[in-house]
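Trainee: Using the hints, position chain R with the ligands against chain Z.
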Amino acid sequence: MLRIHDLRVSVAGKEILQGINLEINPGETHAIMGPNGSGKSTLASVLAGRADYEVLGGEVSFMGKDLLDLAPEDRAREGLFLAFQYPVEIPGVSNANFLKAAVNEVRKYRGQEPLDAMEFLALMKDKAKLVEMDPSMLSRSLNEGFSGGEKKRNEIFQMAMLEPVLAILDETDSGLDIDALRIVAEGVNKLQNEHRSVVLITHYQRLLNYIVPDHVHVLYKGRIVKSGGKELALELEEKGYDWIKNEVAQAAV
Amino acid sequence: MKTTTESTDLRSKFAAEFEVIESGMNGGSKSHIHSIRRAAIEQFTVLGFPTIRNEEWKYTNVQSLVNRNYVLSFRHEAVLDRAAIEPFLLDSLNAYVLVFVNGFFCETLSSLPAVQGKIVVGSLAASQQAYGMVIREHFAQHADYSSDAFTALNTAFAHDGAFVWVPDGQVLDRPVHIVSVADARSSDVFAQPRHLIVLGKNSQARFVETSGTVGEHMGFQNGATEIYVGEDAVAEYYRVQDSGGQSALVNTLNVHQEQSSTFTTVTATLDGLFVRNNVNILLNGERAEAHLNGLYLPTASQHVDNHTLVDHAKPNCNSNELYKGVLDGNATGVFNGKVLVRPDAQKTNAFQSNRNVLLSETASINSKPQLEIFADDVKCSHGATIGQLDEEALFYLRARGLGEDRAKALLLYAFASDVLDTIALAPLREHLEIRVAQRLHKDF
Ligand SMILES: Nc1ncnc2c1ncn2[C@@H]1O[C@H](COP(=O)(O)OP(=O)(O)OP(=O)(O)O)[C@@H](O)[C@H]1O
Ligand SMILES: [Mg+2]
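Chains as they are written, first to last, in the working numbering: chain Z, 1 to 253; chain R, 1001 to 1444.
Next up, chain Z with everything else stripped away, as it sits in the complex (with noise of 0.2 Å):
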């Protein structure tokens, strides 16, 4: 479904992924970890089609196509799915009606009928149940005034409306309280099946124990450098990232 090939990635001058390699396959979940500021969400970035990465190298193919050929609305039509980090805050755009314009203009492009304002509305009540979701947010403005958790939920439930085949879930889990943590995860596994891929990026293992991966990948100083099973989360939590960091200075010398 995805192929990354030594993908070589700058921001403003600075090389932050240096050579890329990660295939993901239909309906698996994979979990990439690794310290701070090592390159994750600029990964999670390029491949979503944001401006201001020059790619220096390196190819990705998505569902066949050469992704970082689409401009970041195609992607998303294609069924990528990014959520944020850090949701932007739109005031004057609300969500329910950002989200219709959004899930017609991806069934159009699928060759799909827009759905009618019933329509939408029963599926958006139907979502909303699934990620636990107050409706009365649905009629605000885009994440303005949302808690950290409040955007974070909102993330997956735009996730839950436009059902992606990939969806790269950027530190979902943090700001979320217990019980949210719980309901979003069991959310995302309700919609995971067989050709539907998950990529989860996180520093914890409790997102994990809700959301098995098959793989978990360390990324670090740009690089994946080390890949396993889910044990590899249980190591990482109890053993921290030196170890890992030892074996790559080891490596380089």
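These are calculated hints, taken from the structure and not from any lab test. Take these hints with a grain of salt, some might be off.
As the list claims (entries may be wrong) - Listed below are the simulated DMTMM-like cross-link pairs for lysine to aspartate or glutamate, each with C-alpha atoms no more than 20 Å apart in a straight line:
| hint | chain 1 | residue 1 | chain 2 | residue 2 |
| --- | --- | --- | --- | --- |
| 1 | Z | 226 | Z | 23 |
| 2 | Z | 221 | Z | 54 |
| 3 | Z | 108 | R | 1404 |
| 4 | Z | 226 | Z | 6 |
| 5 | Z | 108 | R | 1405 |
| 6 | Z | 129 | Z | 163 |
What the hints assert, rightly or not - Which bits of chain Z does chain R cover? Going by a derived footprint, with three or more residues having C-beta under 8 Å, they are:
| hint | stretch |
| --- | --- |
| 7 | 37-51 |
| 8 | 65-76 |
| 9 | 163-172 |
| 10 | 236-243 |
Quantities reported herein were computed from a predicted structural model and do not represent experimental measurements. Ideal Cβ placement from N, Cα and C applies to all residues, glycine included.
Mentor: Just chain R with the ligands, lined up with the frame of chain Z:
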């Protein structure tokens, strides 16, 4: 050669026109109002049309506009039918409608209250006889013709316009819609509507003014409005400038507010070649409250200038000002917002904000807040921003599948809707929501 000079020198043309009108007046030339007209034409002759050396006109150059060969509206019999003025009507307002063509009242196109009760809604010219006292008390008392050339010119030729008088304690049951059309079908035309609105103590009224040009030639309207808002009165005055074609507008709103009165004005400029809007508000009684908001969306080579003055002359008053602009193409804009807090005006609250989005490299705006504060116990703030659309927000929307144009339109509409939300008159707000959405290509 002489004729060319005459036809292009609009100032002399107006001076000559004044003499012609005056000589045809018989006894009328001795009237109180005419003595004001005479003072005003003398003042205009001294001032002349402003140049960019005048600080108030630094970024708005009227020279090329006033050098055209206008037919002065007094020389022009205008007959328009309903179809021609249709674009300026707003049926959903269910309003009393006063239509002025080239500054003169057009009764057949207007719709007045079936029975005139205590409240007067009509034309200024027709009201001179019956309401001379009220008119004399207020005419040219609130619009300063000593320093502003356009106001002087308008005052000199003030003959017709809307006259609305809402006596003490009365409430106007419907909005009054003032429609000002320049008939430029056969030539460039210069028109000068003059409106007078007198609102007694504890009265209430709402007004909508739409203006524009019919025809292919240039329609220049130099309009002036005086509004007296009595003690405890509540008034709204909305200006909608949404005419296609060759439209030039200098529109000056002069408001005098008494104690505990509330006045709200919103100016929406969606179209027009050249627009200069002035709002001058005098807060002349304690606890008066003024809200001034504006939205302007010039494109191509359109020019929109909003000049506002809020004069806090008495203590405990509030003023609130929000002007927003979206400028595209080669459009140019000006915002100049002056807040004057006089020594007496303690406990003043005055807020002002001007925010602009430039959509093209060639669009520009000059934004200048001016605070002159002579009292010490006041709360005043102002801010001006000029920028592009928020890239983060744009990316967020695109990452959800919205195309770039649509995402931009959505953000622009959200930006503009702040101002539209301040329109309390629902049918007007709904109309403008649709128009603004169309202008910003928000096609859903
Ligand atoms: N626009 C930018 N200009 C300069 N440096 C940037 C920019 N964006 C990211 N960086 C730098 O790139 C590096 C990687 O940032 P990134 O946000 O990808 O880290 P991360 O792994 O997501 O960290 P965290 O765990 O704290 O979220 C950081 O050193 C960051 O400062
Ligand atoms: Mg990050």
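Trainee: Closer than 8 Å, Cβ to Cβ, for at least three residues: run that test on the stretch 163-172 of chain Z against chain R and report holds or violated.
Mentor: violated (count 0)
Trainee: Between the stretch 236-243 of chain Z and chain R, are there enough contacts, at least three residues with CB-CB distance under 8 Å, for the coverage claim to hold?
Mentor: violated (count 0)
Trainee: Measure nothing beyond the straight line between the CA atoms of residue 108 of chain Z and residue 1405 of chain R; if it is 20 Å or shorter, mark the hint as holding.
Mentor: holds, 16 Å
Trainee: Between the alpha carbons of residue 226 of chain Z and residue 6 of chain Z, is the straight-line distance 20 Å or under?
Mentor: Between residue 226 of chain Z and residue 6 of chain Z the Cα gap is close to 15 Å, so the pair holds against 20 Å.
Trainee: So if I understand the rule, the pair passes when the alpha-carbon distance is 20 Å or less; does residue 221 of chain Z with residue 54 of chain Z pass?
Mentor: Within the cut-off at roughly 17 Å; holds.
Trainee: Given the hint that residue 129 of chain Z pairs with residue 163 of chain Z, does the C-alpha gap stay at or below 20 Å?
Mentor: With a Cα-Cα distance of about 15 Å, the restraint between residue 129 of chain Z and residue 163 of chain Z holds, given a limit of 20 Å.
Trainee: Would you check chain R against the stretch 65-76 of chain Z, counting CB to CB pairs closer than 8 Å, and say if three or more residues qualify?
Mentor: Per the Cβ count (5), the hint holds.
Trainee: Given the proposed pairing of residue 226 of chain Z with residue 23 of chain Z, does the C-alpha separation stay at or below 20 Å?
Mentor: holds, 14 Å
Trainee: Is the listed coverage of the stretch 37-51 of chain Z by chain R valid when you require three or more residues with a beta carbon under 8 Å from a beta carbon of that chain?
Mentor: With 4 residues closer than 8 Å to chain R, the stretch 37-51 of chain Z meets the three-residue bar; holds.
Trainee: Between residue 108 of chain Z and residue 1404 of chain R, does the CA-CA distance stay at or below 20 Å?
Mentor: Holds, at about 16 Å.
Of the numbered hints stated above, those contradicted by the structure are hints 9, 10, listed in ascending order.
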